[in-house]
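Using the sequences provided together with the hints, build the complete structure.
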Amino acid sequence: MLDHLDELVAGPRNAGALPQANAVGSFGTLRWGDAVKLMLQIDPSTDRIEQARFQAFGCSSAIAASSAVTDMITGRTLDEAAGIGAADIADHLGGLPPERMYCAVMGYEALQKAIAAYRGSAELSEADAAPSCKCLGVSQMMIERTIRFNRLTSIEQVTNYTKAAGSCSSCFKQVEGLLARVNAEMVEDGLMASGEAYQLGSTQHRAIDLKPHGAPQPATNIFAAKAAPAHLRAVPKPAAPRPAPAAAPAAIGVDAPSQTTLIAEALDELRPHLRRDGGDCELVSVEDNIVYVRLSGNCVGCQLSSVTLSGVQAKLADKLGRPLRVVPVS
Amino acid sequence: MSQAPVQPQPAHLVYLDANATTRTDPRVVDAMLPYFSGYFGNPSSKHALGAHAAMAVKRAREQLQALVGAAQPHELIFTSGGTESANTAILSALEAAPRRREIITTAVEHPAVLSLCAWLEKNKGIRVHVVPVDRQGRLDIAAYREALSDRVALVSMMWANNETGVINPVADLAELAKEVGALFHTDAVQAVGKCPIELQSTAIDMLSLSGHKLHGPKGIGALYVRKGVAFKPQVKGGQHERGRRAGTENVPGIVGLGMAAELAADAMADEDIRVRGLRDRLEREILAQVEHCVAIGARAERLPNTSNIAFSYIDSEAIVTLLDRAGIAASMGSACSTGSFEPSHVLVAMKVAEDTVRGGVRFSLSRDNTDADIDRALAVIPGVVAKLRAISPFDVEAGPLLGRAHA
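Same order as they appear, the protein sequences are chains V and S. The opening position of the first sequence corresponds to residue 1 in the working numbering, with each subsequent residue numbered one higher. The opening position of the second sequence corresponds to residue 1 in the working numbering, with each subsequent residue numbered one higher.
You can take every hint at face value.
With a cut-off of at most 25 Å between alpha-carbon atoms, the simulated BS3-like pairs for lysine-lysine come out as follows:
| no. | chain 1 | residue 1 | chain 2 | residue 2 |
| --- | --- | --- | --- | --- |
| 1 | S | LYS46 | S | LYS58 |
| 2 | S | LYS227 | S | LYS178 |
| 3 | V | LYS173 | S | LYS122 |
| 4 | S | LYS58 | S | LYS218 |
| 5 | S | LYS58 | S | LYS232 |
| 6 | S | LYS124 | V | LYS173 |
Just so you know, the hints here were simulated from the structure itself, not pulled from any lab data.
Written out as structure tokens, the structure is:
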């Protein structure tokens, strides 16, 4: 199952510096134990990634995942690359062991940063400074979006994807509060069934720490009450787009008209990109958080249409500053 | 009895992970085999078959007694291995001195001791003093003296560290514990068979050892309990081992451990001279050929077989993975694979630099290793390190900082 991973560990492709890169994104630190630097050479006239290379510090899975990202994005447009999620990276490797999922998340984060840097929007990085898991320097924002995009519902998954609470477990309470809050928001946003969401207190705090620390620290749940900033609540990674539900929610918020206009405008902005590939996307209707669109032209039956859709979704969410789902109708 | 011949180690594999486990010596296997299907009796039985098994256990106990220099054979209790021995020693000492509610241990202990101590602190209200070490892994004796008091039930300090091979002066440490009336236990899993031990001339009260670290079988170990030391059995259910560890004796394992002990005593001179020479050559050559690496604990007194080398700017898991593909079996200190993402607690305790602490690779040799093994390892290691360094985003110029934490 891990053939591809093994192969990439032995002879990683696209390793080394890329001096002519015009987009660079990095993620991770020595303290976190893994780090990757992605260097992309993007053709400004087409927004296509012509070449991608990486440098990585970390375990063999981290090296393989970084190499996989460069493999996946070479020759793709920025919009296509932006739609690649951590799960896609793991799939490309033929699967990663659960406790190594953070390697795929690391590749994803670095890619998003490279794209953001190229497009000149640095908003994500500013909010990322404050570490949540102090031992490893994982930021609250990073944990939050990882929970969102990958639909994580257990502490163990959060640790596997971000390493948070995987070390001394002193930030266990914080991470637990964060997970419960983000899951609750996802339920509210219609991204998750309420039965799936993590409930506070349903995981036993790991009883044994390797090192005695003296008296146990009283755990404070400093993140539980705070609401996420709008830009983080946006851009959920969609599951495979499902057909429109039979009974669409009837209620339309008061801001519905202006929201529809905003979405239509955003789609107009995106249209040239789609047209370049011979496709098009038309707004059908907006119901609550769900935007129904109709893909046409080359997009119909295209293998990559889901990638395009998640790019569209990211763009729309960015524009509106709130999460929504883009659902294709035929 | 027709037995398949024991396969030698694969010719292409260079095994440099003896502190993890060793190859069971074929002579040990030969000694064990009759006790599976031939003399399979229960040592507690009164018939001849049982008596034969009891005799074998008695002989093995004497062989082990000779290796560790115990005053009497029955100071040794057979257990399932090092972890059970260490757990038993600690729990027994606490039970035997209920008014003493403190333990002293070190920051570099094996998890068999350290995680039990953490558990006792959390769940039983036992106060645990963790004595720090210096950059060479040597114990802070002043901190140890400070922690000693008549509230201490037990001092548990390893004889030799599994990751670095650094040796503690346990005989002296035991004398200090005696002054305050505390029991002294040492986890000697890495030391037994590698350095001379003469327990009857020390103040050590308890000692843990394991069979598979000295070319014996896995699943067998022993706990030494000095005669007269209060002992509370932790496995109850019968009169085996004089009521100190219930359960039918693992006769083949015990016979194997006895044989391994006898062979280890014979091989100790070889270990101290020839294996030390191999280890020193490996370490010297790596340090000469590879830039930016450091031999951990090399200036302290060490086991003759262990070398822990930390390579800056690269990760030990990746090094070990690539070495394995080249036919060299070595080991990373610990951590990563065990579900924890922190670097080795031993290297952290020794304050190894942040750009180096995740690059620790442990090479541990045994009497099975040859000059050719070292040649082969030296032919591979510099290339592997260079390959990983070439793709690392960190280097001397860029320094350890690739931006602030995720910023």
